[in-house]
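We have chain G already, so just place chain B on it with the hints.
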Amino acid sequence: MSTMQSYRLRDRAAQAIGVLSLAFLILIGAFFRVQALESDRFRSRAEQNRLRPVPLPAPRGQILDRNGLTIAENVPGFAVKLLAGSRDSLRAVLARVSAYVPMDSAAIEGVVQRWAQAPYEPAAVISNATFEAVARLEEHRYSLPGLVIQSEPRRVYPAGKAIGHLIGYVSEVSAAELNRQRFPGAGMGTIVGKDGLELEYDSILRGSNGIRYIEVNARHRMVREEGAAPPIPPIAGEPIHTTLDLSLQLYVDSMWTADVVYNGSLVAVNPLGEILAFYSAPSFDPNEFVGGISQTRWREYQTDPNKPLLNRVLRGRYPPASPYKLATAAMALRRGVVNPDSYMPEPCRGGMQFGSRFFRCWKPEGHGYQNLVGAVATSCDVYFYQLGLRLGVPALLEEGHLLGFGEPTGIDLPHEVSSSLPGSTAWYDRQYGPRGWSNAVALNLAIGQGENDQTLLNMVRFYQGLAGNGTLIAPHLVQPRAGAVPRDLGLTADQLILLRRAMSAVVESGTAAASGGRDIRMAGKTGTAQNPHGEDHGWFIGYAPAEDPKIVVGAFFEFGLHGSTVAPYVARVIRRYLESIDPSLRGVNIRLEVQADSAPAPLTIVPDSGPPVP
Amino acid sequence: MRRLGLDRTLLSVVAGLLVFGLLILYSAGQTEVPSSAGGAWMRQLVWVGGGIVLAALTFRSSFRVLEWAAPGLYLFALALLVVVLIVGTGAGTAAGTKSWLAIGGVRLGQPVELAKLATILFLARYLSTQRSPPDSLRDMVVPCAIVGLPFLLVMAQPDLGSAIVFIGILFAMLFWVGARPSLLLLLASPLISLLLASQSVWWGAWMVLLFVLLLMWKPYVVEGVVIYLINSAMGVVAIMLWDKLRPHQQARLVSFLNPEAYAANSGYQAIQSKVAIGSGGLFGNGFTQGPQKRLAFLPEQHTDFIFSVVGEELGFVGVLAALLLFFGLFLAIIRIARRASDPFSSLVAFGILGFLFTHVFENVGMTISIMPITGIPLPFFSYGGSFLLTCALALGLLFRVAWDSRLSGYAEI
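Read top to bottom, the protein sequences are chains G and B. With my numbering as the guide, the letters of the first sequence map in order to residues 1 to 614. With my numbering as the guide, the letters of the second sequence map in order to residues 615 to 1027.
None of these hints come from the bench; they were simulated from the model. Don't take each hint at face value.
To be verified - Here are some of the chain B residues that sit facing chain G, going by a computed Cβ distance under 7 Å:
(1) Glu646
(2) Tyr834
(3) Ala910
(4) Leu939
(5) Ile948
(6) Pro957
(7) Ile984
Being a predicted model, the structure only gives us computed values, none of them experimental. Cβ coordinates follow ideal geometry from the N, Cα and C atoms, glycine included.
Next comes chain G alone, as it looks inside the complex:
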């Protein structure tokens, strides 16, 4: 064939070589680009392929009490994690894991969700596995690709339920918390404080996690655990030293468990505002929450009618009742509307007529003529009605706020609710209309009833101010929160002494007589908060020794009927503490008598039941 002549073939061969050269240049160019120009990018991509970062959890800082006893510490635990390439393969492996270690479907879903957050990191399956579980899993490692087991510090609270409401607990940070940047520096899987001190001081306690790298193959099976890449060691968290007296706290817990049938709360502080004991009953065991509580247990806690998860110290708000009379007295002294020795014009005859209504005193027989000290001691309502009228509603509200009754205390624990007291008479105008309410409000407010709800903690803070040098200091376990500035009660030294004397008169008859010939005098005030829904609540707030207070204790029993139910327990706590700081008082037998004070039924505001507000 003519076109197959050799000279033509030579031309065509040259063309063919040209085409081939072009094709090979394209290939070589492509390889040069990938291997020489973009090599770094692909090299890091390859590293990302084979190296999986596994967080090395930092040991959390210890939490210690004022004497150096341990409240929270770490013990070695095992964490079981899984590396997976896809949701399906993760589920398949989890199904096999659950054959060796029981897992419910909710737990499995949780793991899948954790995995979806960070698919390149091992997802935590069991955060505190038992040695037996780990042994069983290790035995079947071959059928569990992606299994990573590592020793991790586990949080333990040796005091258990005695400190539940105080310490909170720790658990893995949630996706929502990560989104909100709630915990700066925390990443997926980081253990953070979820409540209580653990949450409040998380940034100090947490430290920072390290990272180690394990080498995996394409099936996410671990190939090499050590030396794949240099690890970054974790930095341990700092310990915190609290003001808590752990032995006193344990005493409160055991006392409550053994003797007290009521739900309630108890707080003990020293005159500097340092919290010595902090208890809300019923309590819960924070150890159950570490690393995630089981669904059924959580439901049990949630549906328990006694609400063990409610922190009654911080979040329980009740009418302050008689203990508030000290506040009314302080206001009257501050405003100068009463003279310490003067008697109110109207004697107590078991009640007092105001407008169209008769306001009763708790003691139907009446108290007769009273001065301030006597009225506090006998808790005479009629005296305080008159004091309230002298002050007037605007002053009662304004002074109430100045004494800190409309604010949170500023304790260094999360989730504190603010005590509530209307800010001004405008509140009543809004609520009832400008002519819809009368000075009867003053009568209610003066005896701690009415539109006034206080937390136990806030009431204890007020008594701490009285017991101390007249300055309210935010109760604290480590230090007051930033911004919680001390609040001066604005009382002169004489006024302070007067109020203390009035208070010690309350329990004068029950002065503790020390067997060694030394007297411990206790000062305090009982209270009964009227409860329209059931039995009355009981208050007692006291301090001792009366002349040189070392401890202020407040307690509140739900449906406790009366403050005198509460007072003996407070006395026991006080004695226990005083004994512990002064061993010579050991064996002191405290006998306590308090009068049968009961607040009058709260009066509903009836329009025009009294003279209009000036």
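Chain B alone, transformed into the frame defined by chain G:
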């Protein structure tokens, strides 16, 4: 060697490629994850032994006999392709296709490999018997039909990669027999139209360019009109054809265009291969040391993606060496084709060039994402008996062509 009458250049290049290929195949088996790739290099050695015997037998057979037998071989290959469509089974990466011929569960081989050579022989016979090279599109009808039949049968398996090889063979041989490049471009135009169909702007530009080219090159009016109509039709057909494609083929084509969007599925191979090659850098991670391969991130590292192992472990230098060896092979084949003693053997040699080149370009190109992933083996590297024996047959033919030309005195030119 001279005594045996073997072309020394071809022999040394092939020997180099075989040794290189076996070493890489050995390395491909060195993984942390146990797989069938582990002993592949030893099995491949057995195939190489068989291939040498086969090549020697082919070398011994006369081209006149081959020329005579070409139509029969071609028909036999077509028959096998039909049979495989009916009773064929899938295997390995192409488990969803019907490409293997098996009797009683024992896989005998892939008929498509035989069909490639049979088509080369038959097309060479047809073209060499023509008085003049194809000078119009009408002259192209028979060559297109010869290649088109096995092409369509292979597409039906479906095996897009091998089908592309047939097109490579067709164009290489038409070029070698003397068809004008402009004519080849017109012949290829429907394919170009098909590829551009998804992008309206590019397709429109191509149709304008084609119109200009037709005016410049002045084919017969009817042919020009037909070409233009076919091109227009392809723009429409492409959409329909797309729907006809199996999901895995669609995925491959789409992921070729944008592998990152399909990283988890069909783009995975393309990305991991590129990562392996890129991480090799200039000098590689060292023989048998590539982590991507070792930890099984690299898919099909002993078959379709064996060239990625070269890139990862020997780096750009190794890639360059391998490509230069292949380039040397093709130069040697061109030389053999140019010096062939007769048109038939010359066309056979160049057809083999088209066949091998398509394999190399397509396979190497897909490892670095400049070609779609079609799963065709790399000569002398990829593990696989059928393909190795086919290459052995092809080499036997090439050595024979070289020997014949030396006997007729061509070799000294």
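Quick rundown of the hints versus the structure:
no.: 1; hint: Glu646; result: holds (5 Å)
no.: 2; hint: Tyr834; result: violated (20 Å)
no.: 3; hint: Ala910; result: holds (4 Å)
no.: 4; hint: Leu939; result: violated (11 Å)
no.: 5; hint: Ile948; result: holds (5 Å)
no.: 6; hint: Pro957; result: holds (4 Å)
no.: 7; hint: Ile984; result: holds (5 Å)
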